[in-house]
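Peer 1: So the sequences go chain by chain: R and E. For the first sequence, our numbering gives the first residue as 5, with consecutive numbering after it. For the second sequence, our numbering gives the first residue as 265, with consecutive numbering after it.
For the record, the hints were derived by calculation from the structure and aren't laboratory data. Glycine included, each C-beta is placed from N, C-alpha and C at the ideal position. Honestly, I wouldn't trust all of these hints.
To be verified - Derived contacts from chain E toward chain R, CB cut-off under 10 Å, selection only:
| id | residue |
| --- | --- |
| 1 | 343 |
| 2 | 349 |
| 3 | 370 |
| 4 | 418 |
| 5 | 505 |
| 6 | 545 |
| 7 | 549 |
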Amino acid sequence: MQHWIARCAETPLDAVQTRVVPEPMNRRFRDIMDRWLLPLCILLSVGWLIVGVAFPVLQLLIRSLYTDAGHFVGLGNYIRYFQTPSLSVSIINSIRVSVLTTVISVFLGFGFAYMLTRTRIPGKNLFMAIVMVPLYAPTLLNGIALTYLLGRKGLITQVVHTYWGVQPPLYGAFGIVASEVIYTFPQAVLILYIALNLSDARLYEAAKSLGARPMRLFFTITLPSVRYGLFSALCVCFILAFTDFGAPKVVGGSYNVIATDIYKQVVGQQNFSMGAVLSMLLLGPSVLMFSIDRMLKRKHASMVTSRFVAYEPSHNRLRDGCLLIYGAGICALILGFYATALYASLVRVWPYDVSLGLWHYRFTGTSGSYAAFFNSLRMSAWSALIGTTLTFIGAYLIEKTRPFPYIRRLGYFCSIVPMALPGLVIGLSYIFFFNTPGWRIGGFFDLPNPFHTIYGTMAILVLSNIVHFYSVGFLTATTSLKQLDREFESVSESMGAPFYQVLFRVTLPMSLPAVFEIMTYYFVSSMATVSAVIFLYSADIPLASVAIANMDDAGDTAKACALSMLIVITNIVVRWGHHVLLRGLMRKHARWNPT
Amino acid sequence: MSDDRHDIDFLKVEGIRKVYGRQAVLKDIDFRARSGEFICVLGPSGCGKTTLLRVIAGLEPLDAGRILVEGKDISREPVFKRNIGIVFQSYALFPNLTADQNIAYGLVSQKLDKKTIRKRVTELLELVGLENLGNRYPAQLSGGQQQRVALARAIAPSPRLLLLDEPLSALDSQVRLMLRGEIRRLQQQLKITTMMVTHDQEEALSMGDRILVMNEGKIVQDDPPAQIYDHPATPFVAAFVGSMNFLVDAVRIDAGLYQYGRYRLRVNGDDGKSAGSSVVIGIRPEDVRIGRTDGSSANVLMARVQTLSYRGSNFRVQFGVASETEERFLLEADVPSDTVRRYSLYPDRMLNLHLPAERLRVYDAALDCSLCRNTA
């Protein structure tokens, strides 16, 4: 290398030394912007979370202590719930099906994740893609597909009935558990896949050099190293199954669970107090599981060392063969499951006239139409656009700025809490909060509700979706931001650049893959969700997922199935588009990353 | 600078305190810097040196004290108004911007026109010797080149003060050695007041006009490099900058005369301590002489060679010195390879060591001596 100092003498240094001072007016404005814009943004981003998350839940809690007539009864409503056997059975039922679902799902998911991480089976990406399909479907569809398989006229029922003369007990606990296992399976696989992938190969090498056999390796290294992931998967599956509304709505029959009871109390009997009580009961276990999961994660985070060597599976034909059969079997089940639904939606009259056509895709009548589908598309697009913007900026302000450390910590808390909020709880609490014209404080002072105007509009649907799916996006953004150098902001600030300059020129371009991921997640989830929006949609804005529930209620199962398939196909197309876009983006990013 | 008052007090740091929770990280830091001076902040990890730098930059709020630049208090000013250039340990180069764009980053926010920016970026690239690499992304540059881009980016907006946070620690030793000299020469050329944080004593000694040695949140010595090495203010400084043998629990007999075990040691200069007080006497390994240099028996010890370790140009020899109580204390000496051959040093060989009076340093026994080890 040459000495660059030697040429310094020739460089006109005074050109470097002069600093151009902008005109004073401009300067004053910029000073004010630089000083106050960032704190203002932080307050705003935490503020909307408080309005969108904390206030409604608080209102719901308060509401559960009052009667519908507005009298304060303390825990009276709760006592009434537990003293009414027809009501209180729901919490036992909910816990029973959720626990069963969780155990089955995590057990099966572990095997599948093990297959993905610890074998040399080719085509793992395809296996992974197939088991992710349930993520794109409304859970109502799981119930509907099950009725086509195991219902009175189901495919499997016919076979079983002809040969053994028995009827599968679809409606009730069995149906709910079967649907929820399919719904929660991809989540279990994802979490366990990540946990198994993080196992340190050096530990295995050390153990092998000390003479450990495969069984001992599994119990002394594999299981302990994934125990946090395993627990996390248990928590997540439990919460999902416990709070899901779609599947029990379709195949629950007379087996009451909390989720369907909330709907029945609120929509069927207009009993809002009991709805609030049930919501709190739905919220309680979710928050508990969520808290345990967070606690363990924090403990775990300190144990993961930054330097670890990825595990490379060895050659083992027997192991690979067994797991290939297992993995392929699961994929076949899931594909068959949705293929049945697709087939059923195309068949003229199940099971008597099996000629194929698009009869059921001509949505007419009162229960739903293409307007509902397009409303869902619009709602999901808005949720994706606004949600991603809010999520990314929120995560950025919390992760990368310095003012208000305590307020930012509160913001972090408010950002991850929605993960524990069931959609039904969000929906019902939004009714209570946004439908209130105002509050009377201290008996004489009336405070009008400034957010009342969005009630019954597209805005409240979008807001409820953003809140419902905020945490996952937030954590995705935070993880991506953490990988960027902590000092980018400091460098930029020291050079007199405002914070948004580094945000738009560096942080955002570097985080684009995460931004796309969040956007797709918002879109896909908003398309499929039914629980939050079922309380919030208005007659002028019908939604596809709600229409599915109504069609199914009205006995229009084939149409419900067809509309569900439309959602699944839309979501898969969006996910595929995401994939194509991301590949193009990664090519550009390759120049920026050293590896 | 023509104004002398400003020249002496270009940067004035007064009574800075910084507390994290219950732990005080900076305890009443005071120092001054002249315009154009290169100051190295040296200390072990966790001594608060990086925090000091971040407080001066405005990246951490301070709990007490003031920072003045050219007489103006900047301690409450936000970072972007302080006009300070920073080079971080990780460089923090924006990975999605080319070297050009990285250097231009601070100029863009000054609202300069495109031509001026273009011209200055070219000058700066030349200045750091990267003329043809302006359109490369950071990931396409070597570590040393990245370092130069970071430096060019920091000086591009012509800051009043340049702060370097361990700028060379991520580089391999060859590149580091070369960049040391080049940063120093660039700094002198631009006459930019610079503060560099480092834990590498050699780096501090070779680059700084002055060194602030820090330990546990305090400045323990603030002197030019030669003074730091030759007259370390405390045993800590002596042991941290280079190495030193310590004779613990020596007793003062008279002015410049001490008793250590059965040996009498004469020391140049008097410290004005009272007779009978306990002191620590230090001597650097390279100052220990082999063999008797004159006829007198003053400052001569009987020693036995214990181990020799080869260091290329010299040997680090460990001697066991017999003391009164038959307990041996260890003394290390750096002996040129040539001398080792001449005296044919090998383990168990007995010989005389001479401790020159002018090379002995006397410390109060109460001073921190956590790094003093000398018993066998």
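Peer 1: Would you mind marking each hint as holding or not holding in the structure?
Peer 2: The hints, checked one at a time:
A cut of 10 Å between beta carbons decides the hint on residue 343 of chain E: the least distance to chain R is about 4 Å, and the hint holds. Given the 10 Å rule on beta carbons, the hint for residue 349 of chain E holds: about 7 Å separates it from the nearest Cβ of chain R. With 10 Å as the threshold, the beta carbon of residue 370 of chain E comes within range of chain R, its nearest partner Cβ sitting at about 3 Å, so the hint holds. Against a cut-off of 10 Å between C-beta atoms, the interface hint on residue 418 of chain E holds, since the closest Cβ of chain R lies about 8 Å away.
At its closest, the beta carbon of residue 505 of chain E sits 27 Å from a beta carbon of chain R; the interface hint therefore is violated under the 10 Å criterion. The interface hint given for residue 545 of chain E is violated, since its Cβ lies 43 Å from the closest Cβ of chain R, which is over the 10 Å cut-off. Interface restraint check: residue 549 of chain E against chain R, minimum CB-CB distance 34 Å, threshold 10 Å, status violated.
In terms of the numbered hints stated before, the structure departs from hints 5, 6, 7, listed from lowest to highest.
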